[in-house]
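Colleague: Letter by letter, the chains look like this.
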Amino acid sequence: MKKRTLLLSLFFGFLVQSHAQGLYTATKGKVSFYSHTVLEDIEAYTNILFSGFNTQTNKVVVEMRMASFNFKKNLMRKHFNENYIESDKFPYAKFTGSIPDSVKFDKDGIYETFATGVFEVHGVAMNRGIPLQIVKKGNKISVTSKFIVRLEDHGIKIPSIVAQNIAEEVEVTFITDLNAR
Amino acid sequence: MRVKLIVSILFLGFSTRINAQDSLDSLLLSLRGNEKNIVDNHFKSTRIVNTQSVEQIAKGDLDFRILHRFGKVNGGAYNLFGLDQANIRIGLDYGLTDNLTLGLGRSNVNKDFDGSFKLRILQQQSGKKNIPIHLSYSAGIVLRSLKWTNLERNNLFSSRLTFFNQILISRKFSESITIQLSPTMVHRNFVSTPSEKNDVYSIGIGGRVKLTKRVALNADYQYVFPGQLNSSNRLTNPLSLGFDIETGGHVFQLHFTNSLGLNEKQFITETTGNIGKGDIHFGFNISRIFTLGDNRSKAQKHW
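Those protein sequences? They're chains H and E, same order as listed. If you count the first sequence from 1, you need to add 98 to reach our numbering. If you count the second sequence from 1, you need to add 500 to reach our numbering.
Chain E extracted, bound-state conformation (with noise of 0.2 Å):
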C-alpha cells in the first residue's frame, strides 16, 4: 500500500514537473488559436500573363503598367522574328482600398481605351475563420476610339462598347503554387456578322508555380466556349505561358503567347495566333508600383 502510494506520488510529481516545464510553449500554441491567418500573395501581380489575378493594388499605390506584344515569332528575318511589330497597352491601377483597385488603360491596338476594377471579396485565410479561397470580381468597359471605316452605315457611340465581368477564384495551394479560376463575361455593343452572339462566355484557368523567392512560371488559358463568335475569322482561345522577375518596386512579364490582345475585349474574343501553326509571340509585361499614399500612421494605429 505504502510504496503504491510512494509511486503514485513520484509518479504524479513527475508527470506535473514535466508540464510545467512545456508548459510554456503549449500555453503559447493554444494562444494562437484565434488568429487570422491570411494566406497572401497569390501571384506576382495584378495579371497572371492576359487575364487578371486575384492580386489587388494596395491602399495608396499606383501601378505603372506597360504591356507590350511583339508580331509572330514565326514571321521570318524579314520582320525581325516579330520585333518589327508592336502592340502596345500603357496602363494605370490605383488602389483606393485595399479591396478596391481602379484601372485605366489606352492600348494601340484598335486606339482602345479601357477602364475597369476590381472589388476583393473573400481572402484566403484560416485561423479564426476558414476561408479556402480568395474571390475577386473585376468589372470593365473597352472603348474603341479607332475612326470607322465604313462611313455609309449610321455608325453609333455605343458601337464602339464593350463590357467584361470577372468572377476570379483563386486557392494557394502551397507557398509555390497557386490556381486561379476565371469565369468571364464578355458584352459586345456591336459585331459584325448576325452569326455571332453579344454575349461571349468563356472560362480562365491559370496559376503559377514559384520558382525562388522572386522568379515565377505562370500559365494562362481562356477557353471561350464554342459558336459565340465569328467563324470565318479563325479565332482561337489565348494560352500564354511566362515567367515572373521581381526586382524590388519592378516586376517583370516575360512571356510567350499567341494572342496579341491587351485587354479582356481583345484576348478573349479577337485572338487569332494557332499555335499548331507556329503563330506565337514573345511580350513582356512591366509593373512598377509607386507609392502615393504613407501608411506609417496606418501601420502605428493598431499598434
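Chain H with its partners taken away, still in its complex shape (with noise of 0.2 Å):
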C-alpha cells in the first residue's frame, strides 16, 4: 500500500511537472506592419504582444492587439480602428497554430521551421502557415517571423477613394522573447 501511494505520488508529481516544463509565455515584443504604394508608406508599431509556445506540444499562440498600432499620422490610427480593422468589435488579431511534430526543441539552438494554423484578423479567421525562426537559450525562446497579409482575406475593405494609399497586402513582422513559467 505504502509502495503504491509512493508509485501514485511519483506519478503525479512526473504530470504535473511534464505540465509546467515547456510553456513559454511573453506579454511583451515588437509587432510592425508596412503598407507600400507609389502614394503613401504605411507604418505601425506596437510592443503589446501576447504569446505563448509549448515546446512539448509544439504548440504556438500569439495575439496582437489592434488598438495599440501607433502611426506616423495620427488620423492614420483613427481610421484604422474606425474604419478598417474595427478593433471594438475585434479587438485582437491572433493566430493559433502548430509547429511540425518532427522539430524538436530539445537543445539550445536556432530553429529555422514554421507553424501551420489559423490566422484571424478584423474576425476572419483563415488556415494558413507561417515562417518562425525559434532561438532557444536556456529558459529563453526568442521568435522572430515575418510574413503577408492580404486585406482582402480578412474582409478588409479599402474605399476606392484611398485605394492609392493602402496596399492590398501588408507586410506583418514580429519580434517576441518568451521566458519559462
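Some hints here could point you the wrong way.
[What the hints assert, rightly or not] Here are the simulated DSSO-like cross-link-like pairs (lysine-lysine), alpha carbons at most 27 Å apart as the crow flies:
(1) E:K628 - H:K255
(2) H:K244 - H:K126
(3) H:K126 - E:K536
(4) H:K187 - E:K629
(5) E:K628 - H:K128
(6) E:K536 - E:K611
(7) E:K629 - H:K176
(8) E:K536 - H:K192
Keep in mind the hints are simulated off the structure, nothing from the lab.
From the two separate chains plus the hints, produce the assembled complex.
Modeller: This is how it looks when you write it as C-alpha cells:
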C-alpha cells in the first residue's frame, strides 16, 4: 500500500512537472506592419504582443492588440481602428498554430521552421502557415516572423477613393522573447 | 481498491492532458488582464453639432473647420428657403498635446473672434484601471468686434467680452452609442437690460448613434435654465440634429438646427429659432485635419 502511494505520488509529480515544463510566455514584443504604395507608405508599431509556446506540444499562440498600434499620422490610427480593423468589435489579431512534431526543441540553438494554423484578423479566420525563426537559449526562447496579410482575405475593404494609399498586401513582422514559466 | 486507483489515475491524466492543450489560450487570457483598454473615438469630430464634444485634436494635428448656417428653411422661395443667408465661422484647432487642444475662430455674426482651449482630464477605460467616462474641461473667450451702434454710451472694451466654461462628460456605451452631458456657464460682461443675468447656466445633452463605419447620427441640445435671458427677445434653447459623414481626412456634418449660433455665446444665449413655428436652419460643418507633426519617432519610441 505504501509502495503504491509512493508510485502514485511520483506519477502525479511527473504529470504536474511535465505540464509546467516546456511552457513559455511573453506579454511584450515588437510588432510592426508595413503597407507600401506609390503614393503613401503606412507603418505602424506596437510593443503589446501576447504569446505562448509549448515546446512539448509544439503549439504556438500569438495575439496582437489592434488598438495599440501607433502610426506616423494620428488620423491613420483613427481610420485603422474605426474604419478598417474595427477594433471595438475585433480587438485582437490572433494566430494559433503548431510547429511540425518532427522539430524537437530539446537543445539550445536556432531553428528555422514554420507553423500552420489559424490566423484571425478583423473577425475573419483563415488557415495558413507562417515562417518562424526560433532561437532557444536556456530558459529563453526568441521568436521572429515576417509574413504577408492580404486585406481582402480578412474582409477588410478599401474604398476606391483611398485605394491608391493603402496596399492590398501588408507585411507583418514580429519579434518576441518568451520566458519559461 | 486497485480499480479505483486506476480510474483515478486515468482521470487525473486525462484532465491534465486537456489542461495542457488549452492552457496556452487560458494563459493568454490571464496575461491580458493587466492591460489598459482605452475606449476611444466617442465622436467623429470635436463638435457634436454645436456643442464641443470630448474629442481632442491629437498632438501636432491642425483642424481647419468651417461652420456654416443658412437662413430659415421657412423663409420662402424669395429667400431660396434660407440659402440666401449665410452665417459662417472659420476656425483652427490645434493639438498642443494629445490632451490639450487650442482653438481660434472668427464668425461673421457680430464679427466675433473666439479663443478657447479643451483639456482632457479622464479617459474612459477598463482593464488596469476602470474609468467609466471621458471627462474634459473647455473654456474660452468671445470678443465681439462689431462697431458699437450706440455711440452716446460710454462703450468699454470689456463690454465686448464673453467667457464660457464647460465640463464635458461622455460615455461610450457601445461601439455605436455615445451620450454626453455638458454643464456650461457663460459669463457675459455686458447685458443690454437689467433683468438679464451676466452668468448664464445651461446643461447640454448630446449623443450619437453610429450608423455605419463612416456615418453617424448626432443630436445636441442645450437646456438654458429659465429666467436668465432677456424675456422680451423670445429666446429659445438650441436643438440640432444631423449626420456626420467621414471621408478620409474630412468630416462633413450636415444638420438641421434652430440656432444660427456659431460659438458658445451665440448658440446658448442668442438662439431665437422656434421649432414649433418652423424656424429651422440647414447647416453644415466641414472639418479637415492636417498633420503638421510627424509621430513616426513617437510611434517607434516604445517599440
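Colleague: Of the hints given before, which are not true for this structure?
Modeller: Violated hints: 1, 6; rest satisfied.
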